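J.: As you go down the protein sequences, you meet chains B and S in turn.
Mapping the first sequence onto this note's numbering, position 17 (from 1) lands on 17, and the numbers just tick up by one.
Mapping the second sequence onto this note's numbering, position 360 (from 1) lands on 1360, and the numbers just tick up by one.
Calculated directly from the structure, the hints in this document are not laboratory data.
Bear in mind the structure is a predicted one, so any value in this text is a computation, not a measurement.
Quick reminder that beta carbons are idealized off the backbone N, C-alpha and C, glycines included.
One thing to keep in mind: the hints can contain errors.
Stated by the list, open to error - Covered stretches of chain B (chain S as the covering partner; in silico rule of three or more C-beta atoms under 8 Å from a C-beta of chain S):
id, region
1, 63 to 69
2, 362 to 368
Claimed, not checked - If you want the footprint, here are the derived chain B segments under chain S, 3+ residues with CB under 8 Å:
id, region
3, 82 to 93
4, 192 to 203
To be verified - Straight-line Cα separation of at most 20 Å, SDA-like style, residue types lysine to any residue; simulated pairs:
id, chain 1, residue 1, chain 2, residue 2
5, B, K390, B, E442
6, B, K8, S, K1008
7, S, K1168, B, K255
8, B, K383, B, E264
Protein chains: 2
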Amino acid sequence: MDAEEFRKRGREMIDYVADYLSNIESRRPMPDVEPGYMKTLIREDAPVEPDQWEDVMKDIEPIIMKGVTHWHNPNFHAYFPTANSYPAILGDILSDGIACIGFSWAASPACTELEVHMMNWLGKMLNLPKEFLFSPGGHGGGVIQSTASEVTLTCLLSARTKIINQFKKNNPSIEEGEVISKLICYTSSEAHCSVEKAGLIGAVKMRILEPDEKGSLRGVTLEKAIKEDKAKGLVPFFICATLGTTGCCAFDNIKELGPICEKEDIWMHIDAAYAGSSFICPEYRPLLDGVEHAMSFNFNPHKWLQVTFDCSTLYFRVKDSRLLAGAFVVDPLYLKHDTEGEMPDYRHWHIPLGRRFRSLKLWFVLRLFGQKKLQAQIIQDIKLAKEFEKLVLEDKRFEISFDVIMALVCFRLKGTNEINEKLLKLISEDGRIHIVPSNFKEKYYLRFAVCATSTTSEHVQFAWKVITEMTDKLKV
Amino acid sequence: MDAEEFRKRGREMIDYVADYLSNIESRRPMPDVEPGYMKTLIREDAPVEPDQWEDVMKDIEPIIMKGVTHWHNPNFHAYFPTANSYPAILGDILSDGIACIGFSWAASPACTELEVHMMNWLGKMLNLPKEFLFSPGGHGGGVIQSTASEVTLTCLLSARTKIINQFKKNNPSIEEGEVISKLICYTSSEAHCSVEKAGLIGAVKMRILEPDEKGSLRGVTLEKAIKEDKAKGLVPFFICATLGTTGCCAFDNIKELGPICEKEDIWMHIDAAYAGSSFICPEYRPLLDGVEHAMSFNFNPHKWLQVTFDCSTLYFRVKDSRLLAGAFVVDPLYLKHDTEGEMPDYRHWHIPLGRRFRSLKLWFVLRLFGQKKLQAQIIQDIKLAKEFEKLVLEDKRFEISFDVIMALVCFRLKGTNEINEKLLKLISEDGRIHIVPSNFKEKYYLRFAVCATSTTSEHVQFAWKVITEMTDKLKV
Chain B
1 MDAEEFRKRG
11 REMIDYVADY
21 LSNIESRRPM
31 PDVEPGYMKT
41 LIREDAPVEP
51 DQWEDVMKDI
61 EPIIMKGVTH
71 WHNPNFHAYF
81 PTANSYPAIL
91 GDILSDGIAC
101 IGFSWAASPA
111 CTELEVHMMN
121 WLGKMLNLPK
131 EFLFSPGGHG
141 GGVIQSTASE
151 VTLTCLLSAR
161 TKIINQFKKN
171 NPSIEEGEVI
181 SKLICYTSSE
191 AHCSVEKAGL
201 IGAVKMRILE
211 PDEKGSLRGV
221 TLEKAIKEDK
231 AKGLVPFFIC
241 ATLGTTGCCA
251 FDNIKELGPI
261 CEKEDIWMHI
271 DAAYAGSSFI
281 CPEYRPLLDG
291 VEHAMSFNFN
301 PHKWLQVTFD
311 CSTLYFRVKD
321 SRLLAGAFVV
331 DPLYLKHDTE
341 GEMPDYRHWH
351 IPLGRRFRSL
361 KLWFVLRLFG
371 QKKLQAQIIQ
381 DIKLAKEFEK
391 LVLEDKRFEI
401 SFDVIMALVC
411 FRLKGTNEIN
421 EKLLKLISED
431 GRIHIVPSNF
441 KEKYYLRFAV
451 CATSTTSEHV
461 QFAWKVITEM
471 TDKLKV
Chain S
1001 MDAEEFRKRG
1011 REMIDYVADY
1021 LSNIESRRPM
1031 PDVEPGYMKT
1041 LIREDAPVEP
1051 DQWEDVMKDI
1061 EPIIMKGVTH
1071 WHNPNFHAYF
1081 PTANSYPAIL
1091 GDILSDGIAC
1101 IGFSWAASPA
1111 CTELEVHMMN
1121 WLGKMLNLPK
1131 EFLFSPGGHG
1141 GGVIQSTASE
1151 VTLTCLLSAR
1161 TKIINQFKKN
1171 NPSIEEGEVI
1181 SKLICYTSSE
1191 AHCSVEKAGL
1201 IGAVKMRILE
1211 PDEKGSLRGV
1221 TLEKAIKEDK
1231 AKGLVPFFIC
1241 ATLGTTGCCA
1251 FDNIKELGPI
1261 CEKEDIWMHI
1271 DAAYAGSSFI
1281 CPEYRPLLDG
1291 VEHAMSFNFN
1301 PHKWLQVTFD
1311 CSTLYFRVKD
1321 SRLLAGAFVV
1331 DPLYLKHDTE
1341 GEMPDYRHWH
1351 IPLGRRFRSL
1361 KLWFVLRLFG
1371 QKKLQAQIIQ
1381 DIKLAKEFEK
1391 LVLEDKRFEI
1401 SFDVIMALVC
1411 FRLKGTNEIN
1421 EKLLKLISED
1431 GRIHIVPSNF
1441 KEKYYLRFAV
1451 CATSTTSEHV
1461 QFAWKVITEM
1471 TDKLKV
């Protein structure tokens, strides 16, 4: 395909995407296919000679779209949102066109420098303490990673390196394995499953603590655990606190946890993957109070800030990010250049070496939306969740399971888990809306998340109509 | 931005990318900027009200392009190639438009299933043993990850889980830290720096072995190391062998290493990040012989197979990929669905939970190029490297440092490292071409890689002209 054909096909693809997103409501949010559906639709080998463009385009509907879950359908209310916007797509086309790899400053200076500036723009929008930002003579700063899972692992490993180095300072001959077997870290049972995964990968003990009845991990629980573990000869070194848990969007009490961590020299990492975007709104920023106690903070603009996946932003306030991300520093000659130190070499800030020019899509989104419109979307989504909550509360058969703080409503039929499971089954079979369940202290509930930016009050009313119709069938 | 404006702006961006790539040769491969160049060009905060599209586009040249290293300039010969092609960009636009997250089959069935089929298409193109492919009743298969760094870590962790489970079977009360402190794994001093990084993250000892004079790790070296380490009470469990090392594109001798690993129950992982794409050509496939001894195999279509970053493909031949990637299996209710087991849930196959619909760009590339054209590009690039080698050999001042097997030529001025460093400095200051150095057993040399698909014989001749001009200045 030459440049002239690309211009033509590019237009067709842009139009396809515009048509897809404009008419997405006519599709079922969750496709009606069985595992293995594609097998009979796709040939067994790659073609030897090129296919025609028209043949590929013709196959998109029957092969691909047939099995797509439409996350941007306004009736999709499962999981948490994943962002999508026209400005982000346009920034990403530019990133794909440039197709540079930005592992070091020299490998593509613009790739590193725009990321530095975008991390500061975003950090200031969140009113993060200035220790988390890049500044002359400072040591904090931000980096784009792929997912909150990767970020949590990065922070756990950095904390592990820090504590191992402390042990080695006192006892240079100590075995790393010996130190690791003494280490223990913490998280809440409501934390994302990737936190446990990070512990498994880091080969450290992780104690899962019980949150209070609102799903919030409290200081007193952590304090008790630390005391018990230290009595056993263990060394607490890391905690992952969550602001906006996946199950019920609960907020760990970082104002209580933070000072304990500082006193005990425990690295507090904050995972605000979903809720973090809301902190750009002054009315929600108080939920982040206590961040000044954290060593690292993460949220996903690719969830709720109009930036397409992947764009998970991590901020360090550590004194020397390079030292603390020391687990990652390996420096062969072919990556060396003369300018190290003045700009971050992002390859030291995460696990992968190669990296895309991801800050471009952030630049496009922040400029073409502007702060006010990004705030307005979040405020609107939370308002819709409140509207849904009101509908639930007006129906005596239902109860609200958790405070509605963000754009997620957790609700259930009063009664057994089984009856709620039955309700979800009916809703899923019906297929007009898509929601998923969760549970808390053995209580099963349903999650209604406002996901697509095209979701309106009408869709909220429609979702409730579907849910009550299905409930009527249950005759509860 | 609404759909109608997106159609318009999309066309403009497509044209911008087509113009950029068509005229890329007029730009200096490596930009002439100092660290921090962007600071005075970009404002300090995100705009509150939206900027105009025209303002953003107007800023691309003076702010972004000013600092871009143009990896697709035909005179860029640094590192290894990173792929780019019009079909890949078009597939990626579709992926961005759909913007689904494919962590489980249910989260977007097409995202999982197309990846399964594309991994089989690609695996068959490489003529991988069928144990590495998805098949009814089989247990192997492939997955797209972000980078070879991530893949190596995944495999090392899987091997670590496997050996820890073996220990625990015999001694259920054994501490994980105790097992880990006994573990040792291997790689060559010529392996990519990410292998060492994986060892640091996995908290296991890694012994760096010396390759032979051609940069190839040999069986006898591994055998000796295993014997020594076992005598010390250590437990060898993993080796990362490389086909096409980053420094000099050497090939570890997997036909020698493989049987040793099988005998000793050591997990052999093969990193063929760069060279792997060449195995789609029958004439280069023999370089992969011995893969039947490996537990896992990786290469990066995003390097040399026309697929834009990120697309690093990992094949497992393990009996139960889920069991062996057991380090990653964490299963909360909100991710459960009824169809597990029939199709892979890719979240168990790597570190991140979220994942893009990356197989779309692979589908576009494989269909719109066809196998023959992809082979032709590789054969052409290697031919150009051979042409460059011939030019070097004809100039008595120079020597070739390693056999030219792929599209990389390692060469140096006969004489000291210092004189070669001086030569590189002149070439870099001149700026018409971009190359980077490496070293081997303390000998410094220069690397000439054929990177851009637009590189022709004329560019090879031009590069040599620049190099000899600079050499003449040195008066050697």
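J.: All hints, please: hold or fail.
T.: Each hint, compared with the structure:
no.: 1; hint: 63 to 69; in the structure: holds (count 7)
no.: 2; hint: 362 to 368; in the structure: holds (count 5)
no.: 3; hint: 82 to 93; in the structure: holds (count 11)
no.: 4; hint: 192 to 203; in the structure: holds (count 9)
no.: 5; hint: B:K390 with B:E442; in the structure: 25 Å, violated
no.: 6; hint: B:K8 with S:K1008; in the structure: 13 Å, holds
no.: 7; hint: S:K1168 with B:K255; in the structure: 40 Å, violated
no.: 8; hint: B:K383 with B:E264; in the structure: 40 Å, violated
Checked against the numbered hints given earlier, this structure breaks hints 5, 7, 8; the rest are met.
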